[in-house]
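What follows is each chain in one-letter form.
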Amino acid sequence: MDYASIIEILDSTVRLGTPLLLACLAGLFSERSGIFDIGLEGKMLVSAMMSGAVAAVTGDVWLGLLAGIGASIILALIHGLASITFRGNQLISGVAINFLASGITVLIAQSWFQQGGRTPSLSGGGRFHDIVWPFADQIGRIPGIGPIYQNLISGHTILVYVAFLCVPLTWWTLYKTRFGLRLRAVGENPAAVDTAGISVIRMRYTAVLICGVLSGIAGAYLATSLSAGFVKEMTAGRGYIALAALIFAKWRPWYALGSTMLFGLLEAISNRYQNIDLGVIVLPVQFMQALPYILTVIILAGFVGKAIPPRAGGVPYVKER
Amino acid sequence: MDRMPHWADVVLVPVLNVLIAFVLSGLVIWAIGENPFDAMQIMVSGSLGSTYGWGYTLYYATNFMFTGLGFAVASHAGLFNIGGEGQATLGGLGVALMCLFIPWPNWWLAVIGASLGAAVLGAAWAAIPAWLQAKRGSHIVITTIMFNFIAAALLNYLLVNVLRPVGSMDPATANFPKPTTLPELNQILGAIGIPFAKHTPANVSLFIAIAACVLVWALIWHTRLGYQIRALGKSEPAALYAGIRPVRITMYAMLISGALGGMMAVNSTMGESGRLIMNASEGAGFIGIAVALMGRDHPFGIFLAALLFGFLYQGGGELALWANIPRELVTVIQALVILFTGALDNVVRLPLEAAFMRARKRRG
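Chains as they are written, first to last, in my numbering: chain A, -8 to 312; chain B, 204 to 567.
These are calculated hints, taken from the structure and not from any lab test.
Every residue gets a Cβ at the ideal spot worked out from N, C-alpha and C, and that includes glycine.
Misleading hints may appear alongside valid ones.
Okay, derived cross-link-like pairs now, DSSO-like style, lysine-lysine, Cα gap no bigger than 30 Å in a straight line [claimed, not checked]:
#1 A:Lys310 / A:Lys241
#2 A:Lys241 / B:Lys338
#3 A:Lys310 / B:Lys401
#4 A:Lys241 / A:Lys167
#5 B:Lys401 / B:Lys381
#6 B:Lys437 / B:Lys338
#7 A:Lys223 / A:Lys310
#8 B:Lys381 / A:Lys310
Some chain B residues flagged as far from chain A (calculated, every beta-carbon gap over 10 Å) [as the list claims (entries may be wrong)]:
#9 Asp212
#10 Met243
#11 Pro306
#12 Trp310
#13 Leu312
#14 Asn359
#15 Leu392
#16 His425
#17 Tyr444
#18 Gly477
#19 Ile492
#20 Leu507
#21 Pro529
#22 Arg565
Distance ranges between label pairs, derived from CB positions [claimed, not checked]:
#23 A:Gln106 / B:Ala445: 57 to 67 Å
#24 A:Gln106 / B:Leu222: 28 to 38 Å
#25 B:Leu222 / A:Glu179: 35 to 45 Å
#26 A:Gln105 / B:Arg367: 28 to 38 Å
#27 A:Thr76 / B:Arg206: 41 to 51 Å
#28 B:Glu485 / A:Lys241: 31 to 41 Å
#29 B:Leu230 / A:Val153: 47 to 57 Å
#30 B:Ala234 / A:Trp53: 20 to 30 Å
#31 B:Leu230 / A:Glu179: 36 to 46 Å
#32 B:Leu230 / A:Gln105: 57 to 67 Å
#33 B:Ala327 / A:Gly50: 48 to 58 Å
#34 A:Ile289 / B:Trp525: 44 to 54 Å
#35 B:Leu524 / A:Asp51: 51 to 61 Å
#36 B:Tyr255 / A:Ser190: 24 to 34 Å
Could you build all of it, start to finish, from the sequences and the hints given here?
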């Protein structure tokens, strides 16, 4: 494998890792506040459909992005209503949201566009385009670091940079602000937070909303950056991989960057090579596809480090009377 | 003290929940510009209006009974087994191995062997997440989700690289030998003089599924193991105090759950397609969750809910055929049923409880 193809693989790692990163950070906010969210997949999917549809109709990708975030927030609010206000089972609510998204996206897209459940393909202002950094061509000619600057740092859509900026931002919010401290506390010991006079319900709703916004951006990225338009089931399990990445990252922002890029790399490799010949054994492409899930099971089993979820995760908070 | 009479808890609340889900589904149909009442009529006539329609409805219902029972058994032990899909996938593999590599003389010996193969592999696929939950404390929801994906990848690999007959492009096994073909429902009903449409996928597995309903009922409410499973599900510390071993009961519950999910393949892989194909479980593992939630984890409730979902599934197919409504409508209805019978249960329950409390107070 030569240098150019390594750069190419890393480039597609960034592209494929970005939606995972956004969704993973979305899940991080929700789960850190004590709300389990297996509905990331569904929220991404509605956002992909909505952003694709609105961007196609208006020709403005920014309106598409807003519409996508809006759709994702609606599902986030349903999840909040079920798991915070009505103290229902958060897992069941997540499952329901995934199915709702899977069905309703096709119904709406078919009803609006009659193209078999897809949205019209986007072009021009309907898509996010790659941003070329200054002097990318000139610097790209320098051997060694040149291609890194030209292909890895430069030449991505705005949402990729947003996703990467979200990592330090999430870290700062979580560990350096009062809001972050309260958020983490509400996921560990909501009763203590309540005693301090802070509304558990409000904290959790805020977290669920942030989760909605971030998974909305992730979905919009799929339809308007990675592809040009929405197709049926286009998330293809990415919400679940993001969930796996979140566990792999032990619910921490910087680790999340690492785990999502690792899973992005695995996807990039399995897209590029059908089978990987290691000399001793040949790894089939299906093994590469299953690897994120296998790794997550291993990390969950505690054989390599231990992933401990927020303690109050999944438990509805009932105020003492 | 009970806040509600028992009948309200097991009948009234679920019926109201399902009603809300259906009204909302009607609104969805209306919102995409179709008439909900016409749609309903197409669904009813297509799935219940002829014995041909019933043949499909009962076929789907059989799948959902197995996966619903599987989810319910784990649920009684307080375990959320979202891995029915993967367990059904492995069950399909068990059926295929049994049917392809053992020369069965007739169908009823074959169906015993295939059920065993499906149950063992389904249970094995549930055993790893169960063990990880019981021994290592890893969350069973996440591990079973992961195992669904791993199962899909594994089956994909096996069908493409190992089990595919030489010269075939289709990622599927060879057709199972003739003696393993299960009797269709029209042959069984015809033997006792009931006319039934030919060439429907409903087959003898329906009776296995009904037997499984009865057996699960007996297991949960009339055996020591069932009592231990329910005790563990209600309260782990209490169960521990009563001398119940959580690790062992977790394992048993998940093994039974996985075996039931796997046995779905007897109906679909052996009864319907006659060979193992990619994605043979068709999402039935997930519908099992809806079925079990709606049936309140009781086998009789599951039987009824499975029939309802069989009707929805077949009716949804008819809608896609005869109206401008995609099949995915069924997915939306399924989502709403899960949402309202599962997560938003309290929307109905809390006001009803309050109403019953008031009524009781008035009576003194």
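Status of each hint after checking the structure:
1. The suggested pairing of Lys310 of chain A with Lys241 of chain A holds, with an alpha-carbon distance near 28 Å, which does not exceed 30 Å.
2. Pair hint Lys241 of chain A plus Lys338 of chain B holds up; C-alpha atoms about 20 Å apart against a cutoff of 30 Å.
3. The hinted pair formed by Lys310 of chain A and Lys401 of chain B fails the criterion: a straight-line CA distance of about 60 Å is larger than 30 Å.
4. Simply put, Lys241 of chain A and Lys167 of chain A have alpha-carbon atoms about 19 Å apart, close enough for the 30 Å limit, and the pair holds.
5. Only pairs whose Cα atoms come within 30 Å are accepted, and Lys401 of chain B paired with Lys381 of chain B is accepted, the gap being roughly 18 Å.
6. A threshold of 30 Å between alpha carbons decides the hint, and for Lys437 of chain B with Lys338 of chain B the separation of about 20 Å falls inside it, so the pair holds.
7. Among the hinted pairs, Lys223 of chain A with Lys310 of chain A is inconsistent with the structure: their alpha-carbon atoms are about 42 Å apart, more than 30 Å.
8. With a C-alpha separation of about 64 Å, the suggested pair Lys381 of chain B and Lys310 of chain A falls outside the 30 Å cut-off, and the hint is violated.
9. In this structure Asp212 of chain B is separated from chain A by more than 10 Å, as the shortest Cβ-Cβ distance comes to about 16 Å.
10. With a least CB separation of 16 Å from chain A, Met243 of chain B remains clear of the 10 Å interface cut-off, as annotated.
11. Taking the minimum C-beta to C-beta distance to chain A, about 30 Å, the non-interface status of Pro306 of chain B holds against the 10 Å cut.
12. For Trp310 of chain B, the requirement that its beta carbon stay farther than 10 Å from each beta carbon of chain A is met, with the minimum near 33 Å.
13. For Leu312 of chain B, the condition that its CB be more than 10 Å from all CB atoms of chain A holds, with the nearest at approximately 34 Å.
14. Look at Asn359 of chain B: its CB is around 5 Å from the nearest CB on chain A, not clear of 10 Å, so calling it non-interface is violated.
15. Consistency note on Leu392 of chain B: stated as away from chain A, and its beta-carbon is indeed over 10 Å from all of that chain's, at 34 Å minimum.
16. Consistency note on His425 of chain B: stated as away from chain A, and its beta-carbon is indeed over 10 Å from all of that chain's, at 28 Å minimum.
17. Distance check for Tyr444 of chain B against chain A: the nearest CB is about 22 Å away, which clears 10 Å, and the non-interface claim stands.
18. Listed as a non-interface residue, Gly477 of chain B keeps its Cβ farther than 10 Å from every Cβ of chain A; the least gap is roughly 25 Å.
19. Some Cβ of chain A comes within 10 Å of the Cβ of Ile492 of chain B; the nearest lies about 6 Å off, and the non-interface call is violated.
20. The Cβ of Leu507 of chain B sits about 20 Å from the closest Cβ of chain A, beyond the 10 Å cut-off, so the non-interface label holds.
21. Taking the minimum C-beta to C-beta distance to chain A, about 5 Å, the non-interface status of Pro529 of chain B is violated against the 10 Å cut.
22. No beta-carbon of chain A is positioned within 10 Å of the beta-carbon of Arg565 of chain B; the least distance is around 24 Å.
23. A hinted range of 57 to 67 Å holds for the C-beta pair Gln106 of chain A and Ala445 of chain B, which are about 60 Å apart.
24. Checked against the hint of 28 to 38 Å, the pair Gln106 of chain A and Leu222 of chain B passes, with Cβ atoms roughly 34 Å apart.
25. Separation of Leu222 of chain B from Glu179 of chain A is about 39 Å and conforms to the stated range, judged on CB atoms against 35 to 45 Å.
26. Judged by the Cβ atoms, the range 28 to 38 Å given for Gln105 of chain A and Arg367 of chain B holds: they are separated by roughly 37 Å.
27. Thr76 of chain A and Arg206 of chain B have their C-beta atoms about 19 Å apart, which leaves the hinted 41 to 51 Å range violated.
28. Judged by the Cβ atoms, the range 31 to 41 Å given for Glu485 of chain B and Lys241 of chain A holds: they are separated by roughly 36 Å.
29. At about 36 Å, the CB distance of Leu230 of chain B to Val153 of chain A disagrees with the hint of 47 to 57 Å.
30. Between Ala234 of chain B and Trp53 of chain A, the C-beta spacing of about 26 Å keeps the proposed range 20 to 30 Å intact.
31. Range check, Leu230 of chain B to Glu179 of chain A: Cβ separation about 40 Å, and the 36 to 46 Å hint holds.
32. Judged by the Cβ atoms, the range 57 to 67 Å given for Leu230 of chain B and Gln105 of chain A is violated: they are separated by roughly 21 Å.
33. One distance hint, 48 to 58 Å for the beta-carbon pair Ala327 of chain B and Gly50 of chain A, holds here, with the actual separation near 54 Å.
34. With their beta carbons about 49 Å apart, Ile289 of chain A and Trp525 of chain B fall inside the hinted range of 44 to 54 Å.
35. A C-beta distance of roughly 38 Å is found between Leu524 of chain B and Asp51 of chain A, which places it outside the suggested range of 51 to 61 Å.
36. At roughly 58 Å, the beta carbons of Tyr255 of chain B and Ser190 of chain A sit outside the given window of 24 to 34 Å.
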